[in-house]
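Since chain A is already given, all that's left is putting chain B on it; use the hints.
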Amino acid sequence: MSSVRKFRVKTKLATEVLKGGGITASEALKRADAGLEPLREPCLVTVDRCLSEIDKRFGVAASGRSQEEFEDLYVLSSEIIDSSLGLPNSGIEHAARALCDLADLSLEKGIRDWQAVDVHIETLKLLRFRGQAFSQEQRQAVLDGLKKVTLKRVGDSSAPSAA
Amino acid sequence: MLDSDKLNLERINFLLVDDNPQALIIAASVLAGFGVRNYHKCGSVKEAREYLSTNAIDFLPTDAHMPEEDGYSLVRWLRRSAPEANRFIPVVVVTGHTRQSQVLEARDCGVNAIVAKPLIPRILLERIFWVANDQRKFIECDNYIGPDRRLRNLGAPEGVQGRRAEDARASAAAAEGHDVDSGDLKRGAG
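From first to last, the protein sequence lines stand for chains A and B.
According to the numbering used here, the stretch in the first sequence is residues 1 to 163, in order.
According to the numbering used here, the stretch in the second sequence is residues 1 to 190, in order.
So that you can see chain A by itself, here it is in the shape it has in the complex (with noise of 0.2 angstroms):
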């Protein structure tokens, strides 16, 4: 058997944030918050540019879509939500989470389910131009119906194989 060492370690953020004094965690938050202020705008760039690049590659219209790569659909999928805090409260980071959900499954099981993809194509869309207006309940209950689509399309290994 490996030998197993324990041990305690004493890290210097511990005995800074524990020797007190400083700011406030409210007063942090505050300060935190207005920092991010002008970083709203330039996130909102990045997700419509990377909404418009899957949409221009991946989506129904694209034709050269299948010589696309799933890995890309993936990256762009993760720099939503990377940018997502350009649209607070609209849900879009979920849905795009969902989105990289899909197509890492699709990776690991070797199979494109177009209509999938379409389904989370579009719910991006409604969420980045609809889903700050929506109610909670109804932003919910979008999600909540792309969850079951990615599991069922591609979760669920007995999914047509649609190239």
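Errors might be hidden in some of the hints.
[Stated by the list, open to error] FRET-style restraints, in silico, Cβ to Cβ:
(1) B:ARG37 / A:ALA62: 16 to 22 angstroms
(2) A:ARG57 / B:GLY159: 50 to 56 angstroms
(3) A:ALA62 / B:GLY159: 53 to 59 angstroms
(4) B:ILE114 / A:GLN67: 42 to 48 angstroms
(5) A:GLU69 / B:PRO21: 18 to 24 angstroms
(6) B:LYS46 / A:LYS148: 51 to 57 angstroms
(7) B:LYS137 / A:GLN136: 39 to 45 angstroms
(8) A:GLN136 / B:ILE25: 27 to 33 angstroms
(9) B:GLU69 / A:LEU44: 26 to 32 angstroms
(10) B:GLU126 / A:ALA62: 40 to 46 angstroms
No lab work stands behind these hints: they were computed from the structure.
For every residue, glycine included, the Cβ atom is placed at its ideal position computed from N, Cα and C.
The following block gives chain B in isolation, referenced to the frame of chain A:
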């Protein structure tokens, strides 16, 4: 974390790692709001490794997915091969999505905590407090180096004799109806 809890991060050196320049700007802005003065940004694992080899830092938030090498690989290297001063620092992996193939790697690389993207200031601050107050021991063995992966010690599975000294105490406590964390064990042992 209470809104009235205080923190002073002025003397803490952060290293931020993300291949997405916008994500780096967001993280740096959030940390500046928390009062952080010293941070360095790296756009790749290679760059971060070079920086960590020659500079002492105190906290490392890293992105999980980067094109050439991912954040989990950076953490694994940090725990095994980085200079001693950096080997045990708190590490938080920031990720928007975890691939099926990386779930085990995320668990086993030696990270202290995982934070979901988009980066929400309150969540990051709670994690900083949590990591600073974390009482878990560090574990070093052949296939794992990092904080104890058990957040709660519920003892050995039912009907199995535990191998660890804590298991007996944990089983007894569980029988009394409450969980035992590593902090309780430390106090109990003292």
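Results for each hint:
1. B:ARG37 / A:ALA62: 16 to 22 angstroms: violated (47 angstroms)
2. A:ARG57 / B:GLY159: 50 to 56 angstroms: holds (55 angstroms)
3. A:ALA62 / B:GLY159: 53 to 59 angstroms: holds (57 angstroms)
4. B:ILE114 / A:GLN67: 42 to 48 angstroms: violated (35 angstroms)
5. A:GLU69 / B:PRO21: 18 to 24 angstroms: holds (23 angstroms)
6. B:LYS46 / A:LYS148: 51 to 57 angstroms: With Cβ atoms ~41 angstroms apart, the hint is violated.
7. B:LYS137 / A:GLN136: 39 to 45 angstroms: Holds, since LYS137 (chain B) and GLN136 (chain A) (Cβ atoms, about 41 angstroms apart) stay within the stated range.
8. A:GLN136 / B:ILE25: 27 to 33 angstroms: Given about 29 angstroms between the Cβ atoms, the range holds.
9. B:GLU69 / A:LEU44: 26 to 32 angstroms: holds (30 angstroms)
10. B:GLU126 / A:ALA62: 40 to 46 angstroms: holds (42 angstroms)
Taken one by one, the earlier hints fail for this structure at numbers 1, 4, 6, listed in ascending order.
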